[in-house]
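Undergrad: The listed protein sequences correspond, in order, to chains X and L.
Letter by letter, the first sequence follows residues 1 to 288 in the numbering used here.
Letter by letter, the second sequence follows residues 1 to 357 in the numbering used here.
Any given hint might turn out to be false.
[Stated by the list, open to error] One-sided and incomplete, this derived list gives chain X residues near chain L with beta-carbon spacing under 10 Å: (1) 30; (2) 31; (3) 51; (4) 67; (5) 111; (6) 167.
Calculated directly from the structure, the hints in this document are not laboratory data.
Cβ coordinates follow ideal geometry from the N, Cα and C atoms, glycine included.
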Amino acid sequence: MAFLSDTKIKELEIKANDIRKSIIEMLLSAGSGHTAGPLGMTDVFTLLYFHILKHDPKNPSWEERDRLVLSNGHICPVYYATMAYAGYFPVEELKTLRKFGTRLQGHPHREYMPWLETSSGPLGAGLSQAVGMALADRIDKKDNGRFIYCIMSDGELDEGNSWEAIMLAGKNKLRNLVAIVDRNNIQIDGFTENIMPLEPLTDKWRAFGWHVIEVGGHDFRALNEAVVEAQAIYEKPTVIIAHTIPGRGVHEFERDYKWHGKSPNKEEAKLALDELRTLGGKIKSEHQ
Amino acid sequence: MSCELWVEKLKASTNSRASSPSINLMLNPNLKLNPKIFNSDVEQVPIRKGFGQGLVAAGEADQNVVALCADLTESTQMIFFKEKFSDRFIEIGVAEQNLVTVASGMAAMGKVPFCSSYAMFSPGRNWEQIRTTIAYNDRKVVIVGSHAGISVGADGGTHQALEDIALMRVMPNMEVISPCDVIEAKRATIALAKSGKPAYLRLAREKTPIITTEETPFSIGKSEIYFMPDMGLAQVGIIATGGLLYRAIMAAKELEAEGIKTKVMNLASIKPIDTEAILNLAKETKALVTVEEHQVSGGMGSAVAEVLAKNFPVPVEFIGVQDKFGQSGTPDELIEHYGMGKKSIVEAVKKVLKRKI
Numbered sequence: 001m002a003f004l005s006d007t008k009i010k011e012l013e014i015k016a017n018d019i020r021k022s023i024i025e026m027l028l029s030a031g032s033g034h035t036a037g038p039l040g041m042t043d044v045f046t047l048l049y050f051h052i053l054k055h056d057p058k059n060p061s062w063e064e065r066d067r068l069v070l071s072n073g074h075i076c077p078v079y080y081a082t083m084a085y086a087g088y089f090p091v092e093e094l095k096t097l098r099k100f101g102t103r104l105q106g107h108p109h110r111e112y113m114p115w116l117e118t119s120s121g122p123l124g125a126g127l128s129q130a131v132g133m134a135l136a137d138r139i140d141k142k143d144n145g146r147f148i149y150c151i152m153s154d155g156e157l158d159e160g161n162s163w164e165a166i167m168l169a170g171k172n173k174l175r176n177l178v179a180i181v182d183r184n185n186i187q188i189d190g191f192t193e194n195i196m197p198l199e200p201l202t203d204k205w206r207a208f209g210w211h212v213i214e215v216g217g218h219d220f221r222a223l224n225e226a227v228v229e230a231q232a233i234y235e236k237p238t239v240i241i242a243h244t245i246p247g248r249g250v251h252e253f254e255r256d257y258k259w260h261g262k263s264p265n266k267e268e269a270k271l272a273l274d275e276l277r278t279l280g281g282k283i284k285s286e287h288q
Numbered sequence: 001m002s003c004e005l006w007v008e009k010l011k012a013s014t015n016s017r018a019s020s021p022s023i024n025l026m027l028n029p030n031l032k033l034n035p036k037i038f039n040s041d042v043e044q045v046p047i048r049k050g051f052g053q054g055l056v057a058a059g060e061a062d063q064n065v066v067a068l069c070a071d072l073t074e075s076t077q078m079i080f081f082k083e084k085f086s087d088r089f090i091e092i093g094v095a096e097q098n099l100v101t102v103a104s105g106m107a108a109m110g111k112v113p114f115c116s117s118y119a120m121f122s123p124g125r126n127w128e129q130i131r132t133t134i135a136y137n138d139r140k141v142v143i144v145g146s147h148a149g150i151s152v153g154a155d156g157g158t159h160q161a162l163e164d165i166a167l168m169r170v171m172p173n174m175e176v177i178s179p180c181d182v183i184e185a186k187r188a189t190i191a192l193a194k195s196g197k198p199a200y201l202r203l204a205r206e207k208t209p210i211i212t213t214e215e216t217p218f219s220i221g222k223s224e225i226y227f228m229p230d231m232g233l234a235q236v237g238i239i240a241t242g243g244l245l246y247r248a249i250m251a252a253k254e255l256e257a258e259g260i261k262t263k264v265m266n267l268a269s270i271k272p273i274d275t276e277a278i279l280n281l282a283k284e285t286k287a288l289v290t291v292e293e294h295q296v297s298g299g300m301g302s303a304v305a306e307v308l309a310k311n312f313p314v315p316v317e318f319i320g321v322q323d324k325f326g327q328s329g330t331p332d333e334l335i336e337h338y339g340m341g342k343k344s345i346v347e348a349v350k351k352v353l354k355r356k357i
């Protein structure tokens, strides 16, 4: 599904806005959780689940599906919300996030939600699992039609395990592996370049044998073209470094690392929902 | 000598008349144990070699079996699998965190990965990765920790894994198997390839006397009495795991000569643990000694004590490393120095006898 029409982009924008509203609502209901990352990655998730991924929400264990590994499990509100809108489970269930007995654990757990490809939360381990999946595909000669996507954060590139995976993927020229880095420049303690500088990030990935694409993380057309390019690269794994705005969609939350690991209170959530309902003041909210 | 050769040799020796029939009568006759076990020239082979052979057999039986290694292919004996199934072998390099997480990803695609390194590095270095991506995910991956225990010897304390049983047995979903000899290691490897659960297989570097034969039963979760009095009940039960089982049996033989009747159990399957077999032994003897090449806290002895405390408390003496790190030396020197030799086991049996209520 390479071609992205203007009509489709409009649909994706509406979908992404719904998902962002659900993220705010579920975080408010949970009373804890991460806000900035999920809002920042909503456009990437929306494009993947509603345009890119080969998957079947009615048959989640379909053997030929693409695999999506979420490495930075703490952004799971966007993962859950997107999957709910895609039809994996009822949207109403999103409000059970982080509550006792829920399938929507604070960080993703396969035992509770078996159609997840993995459990995650502790950082730096997702890409190596995706590498393992791509290696298995290569052994089975299935690395031509199916893709393994790994969504990871920039902060988790502090983890040595991430670079072990990057090195191994480069060595093995894993053509059906696509890493997508949420380059939002924040982590819990502050800005990435203050905590542990990652730049020159593209040079680092290139030096490890990867094809590197930099792209704006809120531009559906550019993101789509990046994925198509990644799929076309035959001799290397590809990383898409998606420059995103943490907290995207809610002016008050944007670019502020303090929103990395906390959830909005009632007033903050109302402010956020008002802004999302009016598309940033462009339209009149139905609730005003 | 190749694995096949010594197995042949062993079969031949099984057929010949045993050298000391009275003592051999004390080996559990149902288990078809090595009749030459009490001979001074008993065959000695490293336990890890059995893993190498078992992995090839598992690979032949199931094409989904894959092997991953962190730059120790020869010493962990994975080399035989690599030579036979090069397309199913992944060299990870010196990166143990990657070793197990890549294995988890392969298991997610239906592969049956075995990943090997030294126990000190895997699970020593990559415990959280094993917990989250293998145990928490309930992925069928076998983590093979070679060169476990003090008997690694000259490499010194940095390389002597004495905490790995504790680390692995506390993990939900994880099985923990510690074979006593090369043949049991081979059987365990083949069984783990079929088990469907995440598992830890603990292996040792040093040559170890062969106790079992190809006919000896092995199943995960089951433990057997290997040595028993020729008549009457036992006064003390010894439960041993890994290569020290041989010393436990030798201690039992010596105690028998002194008139102290003992039974020796091989507890290779530390998790799942054979509660029934342990309780039967405890009820018969009312006094136990556990023997392992591991810290006394958290290991096999602790697992046995948990079973006893809950069901049938009896006095226990724990043979193992007493909250210390190891050092360089020969395996025998170190086992004696840290109180895990035959003499220490004999003393522990006498001590626990006095504690019997």
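Undergrad: Are the hints correct? Go through all of them and say.
TA: Now the hints, each set against the structure:
Violation of the interface hint for residue 30 of chain X is found here, the shortest Cβ-Cβ separation to chain L being roughly 21 Å, above the 10 Å cut-off. Violation of the interface hint for residue 31 of chain X is found here, the shortest Cβ-Cβ separation to chain L being roughly 24 Å, above the 10 Å cut-off. The beta carbon of residue 51 of chain X is not positioned within 10 Å of any beta carbon in chain L (closest approach about 24 Å), and the interface hint is therefore violated. A cut of 10 Å between beta carbons decides the hint on residue 67 of chain X: the least distance to chain L is about 8 Å, and the hint holds.
A cut of 10 Å between beta carbons decides the hint on residue 111 of chain X: the least distance to chain L is about 7 Å, and the hint holds. At about 7 Å, the closest approach between the beta carbon of residue 167 of chain X and any beta carbon in chain L falls short of 10 Å, and the interface hint on this residue holds.
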